[in-house]
Structures are given as structure tokens and as C-alpha cells.
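Colleague: Since each chain sits alone in its own frame, please combine them into the complex, following the hints.
Here the protein sequences line up with chains A and B, keeping their order. The letter at position 116 of the first sequence is residue 159 when you use the working numbering, and the numbering goes up by one with no holes. The letter at position 96 of the second sequence is residue 476 when you use the working numbering, and the numbering goes up by one with no holes.
Rather than coming from a laboratory, the hints here were simulated on the basis of the structure. Think of the CB as a built atom: it goes at the ideal place given N, C-alpha and C, for glycine as much as any other residue.
Now the in silico label distances, taken between C-beta atoms and shown as ranges:
#, chain 1, residue 1, chain 2, residue 2, range
1, A, 206, B, 403, 22 to 28 Å
2, A, 169, B, 627, 18 to 24 Å
3, A, 54, B, 662, 29 to 35 Å
4, B, 560, A, 153, 48 to 54 Å
5, B, 559, A, 240, 31 to 37 Å
6, A, 48, B, 662, 31 to 37 Å
7, A, 49, B, 559, 30 to 36 Å
8, B, 649, A, 62, 36 to 42 Å
9, B, 524, A, 130, 16 to 22 Å
10, A, 169, B, 704, 34 to 40 Å
11, A, 134, B, 448, 51 to 57 Å
12, A, 169, B, 649, 31 to 37 Å
13, B, 416, A, 234, 42 to 48 Å
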Amino acid sequence: MKLVKKGAEADIYVTIWNGLDSILKIRKKKDYRVHSLDMRIRTLRTIREAKMISETKSFGITTPLVYFVDEKKCEIYLQLIKGKLVRDLPLNKIIKICTEIGKIVGTLHKNGIMHGDLTTSNFILSDQGLVILDFGLSQKTDKIDDYAIDLRLFKEVLNSAHAQIVEDAWVFFVLGYRKILGNMLTEKVLSHVSVIEKRGRYANVV
Amino acid sequence: MLSLGIESTAHTFSCAVVEKKGRQGKILSDVRKIYRPPEGEGIHPREASRHHAENSSQVLSECLKEAHVTISDLDVISYAAGPGLGPCLRIGAVVARSLSSYYDIPIYPVNHALGHIELGKMLTGAKDPLVLLVSGGHTMILAFLSKKWRVFGETLDITLGQLLDQIGRYSGFASPCGPRIEELALKSTEYVSLPYVVKGNDVSFSGLLSATKRVIPKGIESACFSLQETAFSMIGEATERALSFTGKKELLVVGGVAANRRLSSILSSICARHNCKFFAAPKEYAGDCGSQISWIGLLESSKKPGIDLKDTFVKQSWRLDTVEVLY
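Bound-form chain B, shown alone (with noise of 0.2 Å):
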């Protein structure tokens, strides 16, 4: 089986080809052209969309050429349908849509935060994990129960990712911020008293925003250090506490932000103490992209039909435990 994914949630458009034999899968390509808004700014939704349009036709030949193969071999078209934003969900949509009418194709719609999380099964071996699921849209942990994805703890407002963007965007660093803080952080070891909000096994990083922003005049370096000490720490803690409650031997990481060696590195000493073993979705998979996408249509095409052409739907507030989940 073959599939071709497109995603176009937020600020990389990607096509993938991916292809299944059982229940093992083989990326033959995946190709991304980011959208880098200017240095201190975030996504403005219009323009991203606009990056996706102008370049989507040429991702798709080169993601084609590479895996070599022809639209007409594909077996199943998927699409990132949401969460996302509305203008970039709706141009890989209608690419998908077109590929699919014209050449008589199944298109299914995709969940993007699913697409991480099997993806990053598949890729890393994983059976049954708690997954921890860290990204500029999503900070989550999860575990599989009865057709779901449950959700054990989550931020009560804004993400992991977001928080470092705005920080990064606040002292004029490109987006994505997150590697530039990295970055800043190994530079220092004085640690500055920042707010420390677990609640239960949900985190609040609102006030660590506000917070950080208000020490970054004492020291870009110490206030990139203690950020994502306190911010590391707090979702380390969350963690610690669903893997000892649901009592799970592995932990899967997810998501543009498990790309961070300190969170790796925090996550992996959680998991000696529990026994438990550690995965990481490996970095060139662990952002956004299209293998995520390609790979949840090979899956659902495995239990379901495509759907109607006149169904393919896009959603930007779409929650990742409201999916019911087959395979």
C-alpha cells in the first residue's frame, strides 16, 4: 500500500510518501518547505497560507520524484484536517481534494496530533506508552484506553511551544524559537526564582510567561536558563505523576519540542527512576510533517473506506480525544 499525506497545519507544508507491508511502514520521501515569518514575529495566518499555495505544487513533485513513484500508484490520499490554522488547513485540503477527484483516489481526513503520535510509534518501536505530546499547538498526555486517546494532563492555557516562541519572539528571534533557547541556556547556570504551577497533572504557563519576560533585562542567558528549567521541570513533574498513576512502562515523546536535549534529558532520568523505558520521536520526525499524515491514512484505510469527496471537512479546533480510533 502507498500513501501520499499533505500537511499545511500551521507554518510547514509537507507531502510524504509512505509506504505499508503489515504492520511496519517505510518512509520513501518527505519534503518540507517552512513558512519563516520575520525575525520577532509569529505566524500571520494569510501569509502562511499563502507560502503553502505558491509552493505546494513543487513539494508535491519533488516528494514524488524522490519516492518514484507516479500520483496514479497512490493507494490512499490523506490530509491533515485540524486542529490548525483555517486558511493553511484549507490549502492542503484542496490539494488533496484535487489529486483525489482527478485521479479517482480514497482521501481520508487526518487528526494532526494523531499523526504525531503514531508516527512516533512507529518509527521508535513503542507498544503501549504514555505519550507526551509537546509542540507550538499542543501540550498533552495521553494514553491509549478503549478507542481513544485519553488525556491524563494538558495545559490549562497556552502550550509548551508557544511559550518559548513568545519568549523568543519577545526579545526579536526568529521563529521557531526554541533552538535559539537552547541554545542561550547552556550559556548560564544561575537560576532565577520563576512561578511553579502544577495542578494535579495539568500545568499553567501563563504566569511563567509574564514572569520570564520581566527578568530578561537582568540576562538573556540566566532567563532562557531558568525558563526552561521551571517549564522543564513542571511538565517533568505532570509527567511523573500520569506515569505513576496509570502505572505504564514506556514513555513516548512527541512533538516539535521533544527535539530539546534538556527535555530529553529530564524525561529519560523520570523514567529510570520508574522503570520505564524512553522513546523519542527521532528529530527529523519529531516537528511537523507529512509521513505523520500519510501514515494515519495507511492505518485507517487498513478498518475503513475513504470518504465522500463532499465530507472531506477541515476543522481548526478538532481535539484529539474526540477521535475514535480503529486500528
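For reference, chain A alone in the conformation it holds in the complex (with noise of 0.2 Å):
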């Protein structure tokens, strides 16, 4: 078994499971939260993101295979799935990719199903295509608001660490969102992204 990150909700190893190449997670105990706070946040997490990982490879997503959960030393074994983090691409190709990103949430929304930590660090671009990750934080939903703070989230992170591309990934975003969810939800959701920047603190009120 060999490490392969330190995340900050989990441990990542590279290892076998019944001769599967697979990626295991751990969601480690953290000694700085309060016990009862630390397992109700890791066991819920656990169980959480191997039903969404399952469930959304039926609308067509791909997704890595759970091969296995343990939700008392909170483990999951996934399927290794070889490629590159689209955080670590070329500026150019990430701009590209993004119309693809667009389309895995809008399809995720159109199902009732918010991500709750996008960010380019969450995406393999692998020979199966794009492959999106870790859904501890995802929930059911069927409120714009929800749908748009997962928007929100992801102009965030390009705001934050690929600040040089913004505009245009941004752009490429929307475009293959709307492909997926139409032009009027679409709007709805974009317009809800600004009333919750809007409630930023120190934002500019219009």
C-alpha cells in the first residue's frame, strides 16, 4: 500500500483489492474535533459518497467503481483510474475541458444532485474521457440555491488559483451547462450565483 496523498479529508493509497488495481480512501480519525462531531462527519461522509458514486454513473457520468465500504473505519476502495487532474493541465486545455465540466454538473443538477466541492482538483481527464471525484460533500437537492452555490464554488476556485483564465473558462463553463440544463434554468440558477455573491461580505451592492 503506498500513499499517494494527503488530502485534507482523507488519506489516499494505491493498492489491491481481490486483484483490482484500486485506490483506497480513509477518512482518518482528526484529533482537533471533538469525537462524536469527528465520526458523525466521517461516517456520514463515507456512506454518502459511495451511494452518489454509484448513483450517478445511471445518468450516464463516469465515475470511478466502488469495489468496497467499510463504514465503521470509514474506507472506500475505488477503482484506479490513470490520467491527470484537470488543476495540473495546460491554461489552454483547461479552458477547453471546462465545456465538459459544465456539462457533468449541469447533468448532476438535472438529476437533483448538488457536488458541494468543485474544484479543478476533483477531475481526471483519463482515456475513458473526464472522470469527476470525491463526493463526500454532495447531497440531494432540488433548490436552485444549492445547484448555484456549486456554481459559485467553481468560479471561486477559478478565481482564486486560475485567475489568468477566468473570463474564458468561465464562459466555456456556462456553455456546456446550458447545453445540459437549457437556456431558462440555466439563467435562473446564473442569477442566483450573483444574489448569493451579492451576499459576500463587502460585496459591491448594486
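Modeller: This is the structure:
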């Protein structure tokens, strides 16, 4: 078992599961959190992630296969996906791939799921196309507000981590999103994004 | 180079003289007067600005005296132009303008949040940190990228300082309420389940505020303990996400709530896990003070001339991520 990443929430290992190359995601105990709170968060997110990863497959979105879940130890064995994180791609590639990201997010929302953690490091570009990861913060919801929170987070990530390309990348993202959700819903969600932005501290109130 | 900085964004009126030699700054004096509202009440903007106006001349003369300088020795005058309470901001701006025009000294409007960060960097020696700014006015996770401080995460509603203050005021404590809540929290280890809301790198405290109010009747100590644990774990997780995403090797925490020891211990344990250096602004300079403003004035003056008196503004809503940083 080899540690590949110490993430914020979980440690990621490469390992073998029943003869298959696999990723082991362990949500480790956090000493800084009160025990009962920590257990609640880790168990909830492990179960939710496993469920959602499987469920989104039925909409035709590519996610890793779930091999095995141990909710007591907060462990998930997932299919190993080979490829590159979108975050680490060259800038012009990131811009283009934002359309694909928009389509995936649109499909999720169309089916009543918010992802909750849409960052460029939660997408892998592999041989099988674009794969979306990390459903620990995802939720079933039919609220426009929740979809808008997803979009705002993605915009925030572009704005902070990819500041040089934020305008273009955002246009391409919305393009893909609109293709799936249609004009009316897209406009509704987008106008809600600006509502949320205005709620921000010291935002310019028009 | 000698600079006078004037801070008057909220409850603190402060003047400070800072000297800059090369990249290093030295605080020669930092005098503060803090407006104290009656117990159980928050800042009344008009009363606070009256307090600032009445104390401004005394604070200014004490600050100059302590630094052993006269006004004509100053090279730069800077004032906090926002974000903050309008009436309070205007007092600081008026003092700064008067001095600048009468003594003909270049004047610089300064973003208050930037002051927290840059003074924190100077005093701790952090080079390229992820910054957590936690105060009554801000709860933001920031990193510097191509000329601006970029927001990686922030609160979607109220700030951490507001959360603590509102719970404190609800219980009849004197503001700022953070220290009292910290003290009470130490007396309990009984955790009551409260809503924990992290959305990506962002946090939301409003539900936590209402829920905490509901558990106060069952015991203030356990309510304070549970409130701190929940809120700080949330901000800890958001920070950890941002650390892991940006791959920064330093974390700097600044702002009034940086003085909380429980928050520091959570953050330093996160840093240990990510092999990252942890810096916290020294307690006496974590909260609002003139040194922060004065230091930015010095940094700005190294890159551009002061602005015309007619352009000196105050801006209640002035987001940090809109400020271009040249130094």
C-alpha cells in the first residue's frame, strides 16, 4: 500500500483489491475534532460518497467504480483511474475542458444532485474521458440555491487558482452547463449565483 | 521612512508610528482607545464615531510622544479607508486629511484587511503563506497570486467574530465577547451536537448561531464549548482543504479571533499533518491597530506617490480581492 496523497479530508493510497488495482480512501480520525462530531462527519461522508458515486453512473457520468465500503473504518476501495488532474493541465486545455465540466455538472443538477466540492482537482482527464471524483460533500436537493452554490464555488476556484484564465474558462463552463439544462434553468441558476455573491462580505451592492 | 497610520474602522481608534528600513519595519508606538458598548449590546456606529472624535487628539499626541517624533518628521500618512462603519471611517479620514494638508505630507488610503495580513507577515516572517483572516468583519482564506490576494474560501453569511459576539451579547456579556466565551468553554467537555456546514472551501455560520442560542438554557459552559468546537472545526476543515488544494507550505492566521488559543491549537495540528509552518499574528497586533495601517502606507509609498486630497475616500464595502498590490 502506497500513500499517494494526504488530502484535506482523507488519505489516498494505491493498493490491490481482489486482484484489481485500486484506490483506498481512508477518512482518518482528526484529533482536533471532538470525537462524536468527528465520527458523525466521517461516517456520514463515507456512506454518502459511496452511494452517490454509484448513483451518478446511472445518469451516464463517468465516476470510479466502488469496490468495497467499510463504514466502521470510514474506508472506500475505488477503481484506480489513470490520468491527469484538470488543475495540472496547461491553461488553454483547462479552458476547453471547462465545457465538459459544465456538462457533467449540468447533468448532476438535472438529476437533483449537488456535488458540493467542485474544484479543478476533483476532475481527472483519463483515456475514458473526463472523470469526476470526491462526492463526500454531495447532497440530494432540488433547490436552485444549492445548484448556485456549486457554480459559485467553481467560479471561486477559477478566480483564485486560475486567475489568468477565469473569464474564458467561465464562459466555456456555462456553455456546457447550458447545453444540458437549457436556457431557462441556466439563467435562473446564474442569477442566483449573483444573489449569493452579493451576500458576500463587503460585496459591491448594486 | 516614518509613517503615521490611523485606524478607525470599528470599535478601535488607534494611531501608530512605524519606521521602515529596507524590507523591515519597526513599530515605534501604537496607541489605542477602544469604544465599549454597554453589556449585552453591540457597536452603535454613531456612538463609536463620537468616541473616536473625542479621543482622536489625545491618541494622536500620545502616539507621537511615545515614538519621540513630531508631525513634521513624518514622511507618510495613511488611514483605514474601508471596509468598516461609515461614521467611524470618516473620523480617521478627517484626521488624516487635516494633518496631510496642513503639514503637506503624502496621504494614502489603506484597505483594513490588507493591513491585518501584511503586518502579520512582517511580524512573523512568513514568506508566501495561505492566510486565514478571522475577525468581526472578515472570515476569509486567502493566497497571493498575480498582484492580488485571491479568496479561496470565505463565510457565506456572518463572520466568526460576529458569531461569537452575537452569542455573547445574547447572554449579556460585554463586547468583544470572544475571550469570555473562550474562558467559559474551558470549563466544559460536554459536546452538544450542533449544525456543521462546510460547502467546499466555504463555511456558513448562521444556522449554528440559531442552534447555539437554543442550547444555551441547558448550560452556558457546554454551549460555549460546543460552539467553539463546531465553528473552529469548520474553519479548520475549510483551511485544510485550501492548504491541500494550494499546496502552500505556510499558514498565517490574523485578525481578532487569531488570539483564541483553541483555534490556534486546531490550526497548528492541521499544519503538523501537512508539514506546513504555522504562524499566528502576535496577540497584541492580532486585533485592529494603527500599525497595520501605517505599515501598508510605507509599503505603498515605496511604489507610488500619495493621492490628491480631493481623491481621499472612505468606502464601507471594499473587498480585499479588488485591491491591486504592487509591492
